[in-house]
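K.L.:
Which chain is which? The protein sequence lines are Y and D, in order.
Going by our numbering, the first residue of the first sequence is number 1, and it counts up by one from there.
Going by our numbering, the first residue of the second sequence is number 1, and it counts up by one from there.
Treat the hints with care, since some could be wrong.
List of simulated lysine-lysine pairs, DSS-like, C-alpha gap at most 25 Å [claimed, not checked]:
#1 Y/Lys126 to D/Lys5
#2 D/Lys5 to Y/Lys103
#3 D/Lys182 to Y/Lys104
#4 Y/Lys62 to D/Lys62
#5 D/Lys230 to Y/Lys126
#6 Y/Lys86 to D/Lys62
#7 D/Lys124 to Y/Lys41
#8 Y/Lys86 to D/Lys5
#9 D/Lys230 to Y/Lys116
#10 Y/Lys137 to D/Lys41
#11 D/Lys182 to Y/Lys103
#12 Y/Lys104 to D/Lys62
#13 Y/Lys137 to D/Lys47
#14 Y/Lys103 to D/Lys230
#15 D/Lys182 to Y/Lys125
#16 D/Lys182 to Y/Lys62
#17 D/Lys230 to Y/Lys86
#18 Y/Lys103 to D/Lys41
Rough simulated footprint, nothing fancy, chain D against chain Y, three-plus residues with beta-carbon under 8 Å [said to hold, decoys possible]:
#19 158 to 167
#20 228 to 236
Derived by calculation from the structure, the hints in this document are not laboratory data.
Note that CB positions come from ideal geometry on N, CA and C, so glycine has one too.
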Amino acid sequence: MSDSKPKFYTSWFCPFAQRVWIALLEKGIDFEYIEVDPYKKTPEWLSVSPRGLVPVLVHQGKSVYESGICIEYIDEEWPENPILPKAPYQRAYERIWADHIAKKIVPPFYAMLLKKETELQENAKKEMLEQLLVLTKAMDPTGPYFAGSQVGLVDIMLAPFAIRFFILKHYRGFQVPSGDESPFSRFNKWYIAIKERDSTGKTSASDEEYIGIYKRYTDDTGQSLVATAIRQGTALP
Amino acid sequence: MASDKPSLYTAWHSPFGWRAWISLLEKGVEFDYHETDPYEKSPEWFKISPRGLAPCIRHKGKSVYESTICMEYIDEAWPCTPRLLPEDPYDRAYVRMWTDHVNKKIIPHIFGMIVHQTATEQEKSKQDALDGIAAYIEAMRDGGPYFLGQNFSMADIALGTFGSIFFCMEHYRGFKVPNEAKFVKFHDWIQTIVARKSWQTVLPPREQVLEDWRPYAEGVAQTELAKAAKQGKTP
Numbered sequence: 001m002s003d004s005k006p007k008f009y010t011s012w013f014c015p016f017a018q019r020v021w022i023a024l025l026e027k028g029i030d031f032e033y034i035e036v037d038p039y040k041k042t043p044e045w046l047s048v049s050p051r052g053l054v055p056v057l058v059h060q061g062k063s064v065y066e067s068g069i070c071i072e073y074i075d076e077e078w079p080e081n082p083i084l085p086k087a088p089y090q091r092a093y094e095r096i097w098a099d100h101i102a103k104k105i106v107p108p109f110y111a112m113l114l115k116k117e118t119e120l121q122e123n124a125k126k127e128m129l130e131q132l133l134v135l136t137k138a139m140d141p142t143g144p145y146f147a148g149s150q151v152g153l154v155d156i157m158l159a160p161f162a163i164r165f166f167i168l169k170h171y172r173g174f175q176v177p178s179g180d181e182s183p184f185s186r187f188n189k190w191y192i193a194i195k196e197r198d199s200t201g202k203t204s205a206s207d208e209e210y211i212g213i214y215k216r217y218t219d220d221t222g223q224s225l226v227a228t229a230i231r232q233g234t235a236l237p
Numbered sequence: 001m002a003s004d005k006p007s008l009y010t011a012w013h014s015p016f017g018w019r020a021w022i023s024l025l026e027k028g029v030e031f032d033y034h035e036t037d038p039y040e041k042s043p044e045w046f047k048i049s050p051r052g053l054a055p056c057i058r059h060k061g062k063s064v065y066e067s068t069i070c071m072e073y074i075d076e077a078w079p080c081t082p083r084l085l086p087e088d089p090y091d092r093a094y095v096r097m098w099t100d101h102v103n104k105k106i107i108p109h110i111f112g113m114i115v116h117q118t119a120t121e122q123e124k125s126k127q128d129a130l131d132g133i134a135a136y137i138e139a140m141r142d143g144g145p146y147f148l149g150q151n152f153s154m155a156d157i158a159l160g161t162f163g164s165i166f167f168c169m170e171h172y173r174g175f176k177v178p179n180e181a182k183f184v185k186f187h188d189w190i191q192t193i194v195a196r197k198s199w200q201t202v203l204p205p206r207e208q209v210l211e212d213w214r215p216y217a218e219g220v221a222q223t224e225l226a227k228a229a230k231q232g233k234t235p
């Protein structure tokens, strides 16, 4: 049990940081919210965040970074309202699907926005749908959340990206097929449930704000490490 | 009835595979070893490992894959000593952050220096790898000889598997971790690591390792690994 209030360093638009914000709210943890501009790599910022990225959690003077690692730290430091299950296989299963999101869903999300050629955008759309379908098939059949009736790691890792899908629709015409007969009906059920949660609403900006901030990806002026990696075709930071 | 005895599906030459293999050995877990070629995409293989990845552990009818996830699973399913992650939540985060660092900031450059065919790209990979290694050493805790100091952990396995075959990178690309002050700790650390019984069990003979990496070094490997490595990714 810890006795000091963690500091959460974040940027309002960042989906990776939103994951940690959601986790903090789901756990009911009292924390200090600190807005940062991660593009300003000042010495002070780099001493808090060695990679210069958000999110960072500073607790008892020590920094934790990487969204998945922050969430596991939060879950272990504050054991009430667990995010990860107890059984080793169930934990591994959550981590496996969180890894799938990182490697197979996040990259096409950015590629769709950043690539200038229509063909590459279309490839990204196709890839996104294929990988979403794989993830959908791994979901607990009843749900509504990934693993069942309780929100867990995979839900939190996916939510910020899913709630930004309307941006992909706005700029690229991407849509997850709807309808009860659609192979994505389970995903759509998940999405409705996650969108309704308090933690999602409280950590999301307005549609207009998101549309505005993502414009720089589509007109190729994005300067983030993520944008650079996608342009270069290298792994995301 | 699904077996309580785990099966490890892995390729003898894969340092990612050694991570899972070493973890099982360190824990003294009895397991069945299945030599696997993860590039042979048979339907049977996908039944065992849904994303086709090795290493893969089958245990009680379930599959666990992704080498880092395997290490955490092994630690949690068999929570005997040595613990691969410590008890304290911050220390656990520390081990995970530096394992992530190895995976993102060192390993891709190890592959990169081998797979890239121009001197410029190779030199860049070598420098990036050294930068990543320097940061890892800097993050090592005092009291040695392991990453966390007195205690062995997943962070040692994460880098120590690849570190034990740096002779291969030296052979093909002249890559050496220097002997200067900044890197002295690396040499002490890797010597301790490879002397562990588990490393001695998994490490193939030097000649076999060199032969295994030759197609990558000569630019003729067609595997997904080669393609991914050219892009600075690891699958």
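K.L.:
Compare the structure with each hint and give your call.
P.N.:
Now the hints, each set against the structure:
Under the criterion of a C-alpha separation no larger than 25 Å, the hint pairing Y/Lys126 with D/Lys5 is inconsistent with the structure, at around 40 Å. Distance check on the hinted pair: D/Lys5 and Y/Lys103 sit about 30 Å apart at the alpha-carbon level, beyond 25 Å; violated. Of the pairs offered as hints, the one joining D/Lys182 and Y/Lys104 is violated, with about 37 Å between alpha carbons and a cut-off of 25 Å exceeded. Only pairs whose Cα atoms come within 25 Å are accepted, and Y/Lys62 paired with D/Lys62 is rejected, the gap being roughly 37 Å.
Distance hint between D/Lys230 and Y/Lys126 is fulfilled; the C-alpha atoms sit about 23 Å from each other, no more than 25 Å. For the hint linking Y/Lys86 to D/Lys62, the alpha-carbon distance of about 16 Å falls within 25 Å, and the restraint holds. Taking the CA atoms of D/Lys124 and Y/Lys41, the gap is about 23 Å. The hint holds against a cut of 25 Å. Restraint check for Y/Lys86 and D/Lys5: satisfied, since their Cα atoms lie roughly 21 Å apart, inside the 25 Å limit.
Our distance criterion of 25 Å between C-alpha atoms is met by D/Lys230 and Y/Lys116, whose separation comes to about 22 Å. A hinted pair counts as satisfied when its Cα atoms are at most 25 Å apart, and Y/Lys137 with D/Lys41 qualifies at roughly 21 Å. Between D/Lys182 and Y/Lys103 the alpha-carbon distance is near 33 Å, which puts this suggested pair outside the 25 Å criterion. A hinted pair counts as satisfied when its Cα atoms are at most 25 Å apart, and Y/Lys104 with D/Lys62 qualifies at roughly 22 Å.
For a cut-off of 25 Å, the pair hint linking Y/Lys137 to D/Lys47 stands: about 15 Å separates their Cα positions. A hinted pair counts as satisfied when its Cα atoms are at most 25 Å apart, and Y/Lys103 with D/Lys230 qualifies at roughly 16 Å. The suggested pairing of D/Lys182 with Y/Lys125 is violated, with an alpha-carbon distance near 46 Å, which exceeds 25 Å. Pair hint D/Lys182 plus Y/Lys62 holds up; C-alpha atoms about 24 Å apart against a cutoff of 25 Å.
Restraint check for D/Lys230 and Y/Lys86: the C-alpha separation of about 39 Å exceeds 25 Å, so the hint is violated. Of the pairs offered as hints, the one joining Y/Lys103 and D/Lys41 holds, with about 20 Å between alpha carbons and a cut-off of 25 Å not exceeded. Given a C-beta distance limit of less than 8 Å, the hint that chain D covers the region 158 to 167 of chain Y is violated, as 0 residues qualify and 3 are needed. Counting residues of the region 228 to 236 of chain Y whose CB falls under 8 Å from any CB of chain D gives 4; the rule of at least 3 is met.
In terms of the numbered hints stated before, the structure departs from hints 1, 2, 3, 4, 11, 15, 17 and 19, listed from lowest to highest.
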